[in-house]
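Starting from the structure of chain H, add chain L where the hints point.
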Amino acid sequence: MIRFDNVSKRYPSGFEALSRISFHLPRGQLCYLTGHSGAGKSTLLKLVALIERPSRGQIILDGVNLSHMRNRRVPSIRRHIGIIFQNHHLLHDRTVFDNVALPLVIQGYRHREISKRVRAALAQVGLLAKEKAQPITLSGGEQQRVGIARAIVHKPALLLADEPTGNLDPELSREVMTLFARFNQVGTTVLIASHDLDLIRETGYPVICLSQGEIVHNDLAAVDDFAASA
Amino acid sequence: MSKRKGPGKNALLVAYLIHHLRVFLASLGYLVRQPLATLMTSAVIAIALALPTGLYVTLQNAGTLSAGWDGSTQISLFLKPDVDEEQAGQLADRLRQHAQIEHVDIISKQQGLEQFQQLSGFGDALRFLDDNPLPVVLVIQPRVDPERPDRVSQLLKELQAEDKVELAQLDMLWVKRLYTLIEVAERGVWIIGSLLGLAVLLVIGNTIRLDIQNRREEIEVSKLIGASNAFIRRPFLYTGLWYGLGGGLLAWLLTAVSLALLDTPLHRLTSLYHSSFRLAGLNEQNILFLIGISCLLGLAGSWLAVGRHLSDIEPS
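Protein chains in written order, with my numbering: chain H, 22 to 251; chain L, -10 to 305.
Excised from the complex, chain H in its bound form (with noise of 0.2 Å):
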């Protein structure tokens, strides 16, 4: 699903967040991402995300070429990505409804095919009695479920999610984690960047760690090799 292939990300100051960067996340895999804030983890997703560009190396998504990409095509492959934020990004003018729609709205999609959809994302992240509230309101976990809904709710090929817990108390943050999950079980690529370790450890998913920009650490190499074996 995502390929890595020598990437290196060096920002305009001459910070180099990312060097020779290689990993392969397999389709339908959920693997985390750890490492010292200021390790890279962010640049990587938005890499993935197309929010940043790399400097040297190829990136492949779901066998297209990210490092070309031109800015027109930008969008088209967004829109199979959900994004998870740390700080929600919710839109505050307007209600938990019309801000889980947001994607729907985006790709065209009819009025009653959003509010199916919309409610379907929400009562997922079991947020459905919420739908007419406005954003701030709610407590800052129902904030991040509803920006795991709105991720969600176009049923994107791959999630990533920096720093979903982030915010949140181990009660709330182990809820988040056990979601991710539940998308997985039905096929959804997921990426998560946390540096939760011990949440991470209870879970038990593969986990690559970054440290200055460099992989330290890295499960799915031997989930690669066992497949390449197999």
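Check each hint, because a few of them may be wrong.
Quick list of in silico lysine-lysine cross-link-like pairs, BS3-like style, CA-CA up to 25 Å [as the list claims (entries may be wrong)]:
id : chain 1 : residue 1 : chain 2 : residue 2
1  : H       : Lys151    : H       : Lys176
2  : H       : Lys137    : H       : Lys151
3  : H       : Lys137    : L       : Lys153
4  : H       : Lys176    : H       : Lys137
5  : L       : Lys(-2)   : H       : Lys176
6  : H       : Lys153    : H       : Lys137
Anything over 10 Å on all C-beta distances counts as not near chain H; from chain L, calculated [stated by the list, open to error]:
id : residue
7  : Leu84
8  : Lys98
9  : Gly215
10 : Thr259
11 : Ser305
Source of the hints: derived by calculation from the structure; they are not laboratory data.
Being a predicted model, the structure only gives us computed values, none of them experimental.
Ideal Cβ placement from N, Cα and C applies to all residues, glycine included.
Frame of chain H; chain L shown alone:
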């Protein structure tokens, strides 16, 4: 990912049109929710457009007013003093047959004297004269062909050549001057109109620019979840269109009210000149033009702002 099933093609088209309609109405709703700001922007646009519109209407009226005088372009034939009324009558009859003459009036010596007494204020002085020194005058109304104004001067030459005619005089020079003046003023209105149109463009552009800044977060999020530039541009373009439409309608209202306020005193003024002139307002064509231009300026202004500022906003 191409294998993933999206909505069908027909459904997409319908959804696209519905989406346009919804954005069209949503952008109106957005404006209505902040009525004061919307009203102020529209008012600025309206005033900028009402000014040249008002001037244009004034000129149109000046044009019709003088067109009425144009028809009354007259040639006065002062006959030789020894020509009596009978001979004058024969000449008049002959001239009435002329293809380029609409109408001939005879002012006899006696009538001429009476008119002169009435109008000149020298009435008393004339009483001391033994006999009437005024000649018979034929007042000739030429057929005016607006496309061939030179024919009138040709006719004038012809009449001057008549042997009973002392002097043929055409009262048209001042009409020409008035026309030239109106032409100059018309050019002026176009210049002022263009400048104010540019001002409208900039006002709308600036308003949309602020709008874009206010909705920065929405734009960022939309881009992140796959909104195309066209999708993001759309509500702003429609907002510009609404500003243009609102400004245009308001400009129409302002012009109409101003004209209505001017009409009564102007009518009083013209009635002093024995004219039944009434101020003509904007006709349907003018109104459509005004509102059309206004909408176009709104759209163009927002297009400029959107093209300039939307690409600056990228999620990070």
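(message) Just want to verify: L/Lys98 was marked as not at the interface with chain H; is every Cβ pair farther apart than 10 Å?
(response) Given a closest Cβ separation of 89 Å, the condition holds.
(message) Please verify that the nearest CB of chain H lies beyond 10 Å from L/Gly215's CB.
(response) L/Gly215 is in fact no farther than 10 Å from some Cβ atom of chain H, at 4 Å.
(request) Please work out if H/Lys176 and H/Lys137 have their alpha carbons no farther apart than 25 Å. (result) holds (13 Å)
(message) Verify this label for me: L/Thr259 is non-interface relative to chain H, using a Cβ-Cβ cutoff of 10 Å.
(response) Holds: least Cβ distance 56 Å, greater than 10 Å.
(message) Hint check: H/Lys137 vs L/Lys153, CA-CA at most 25 Å. Holds or violated?
(response) Violated, at roughly 100 Å.
(message) Just to be careful, I want the Cα atoms of H/Lys151 and H/Lys176 compared with a cutoff of 25 Å; is the pair within it?
(response) Roughly 21 Å between the alpha carbons, so the hint for H/Lys151 and H/Lys176 holds.
(request) With a cut-off of 25 Å on the C-alpha distance, tell me whether L/Lys(-2) and H/Lys176 pass. (result) holds (19 Å)
(request) Say whether it holds or is violated: L/Leu84 keeps its Cβ farther than 10 Å from all Cβ of chain H. (result) holds (79 Å)
(message) Against the 25 Å threshold, does the CA-CA distance of H/Lys153 and H/Lys137 hold or violate the hint?
(response) holds (15 Å)
(message) Confirm or reject: L/Ser305 is not an interface residue toward chain H, with every Cβ-Cβ distance exceeding 10 Å.
(response) Violated, since 7 Å does not exceed 10 Å.
(request) Below or equal to 25 Å on CA atoms is what counts here, so check H/Lys137 against H/Lys151. (result) holds (15 Å)
The structure shown violates the earlier hints numbered 3, 9 and 11.
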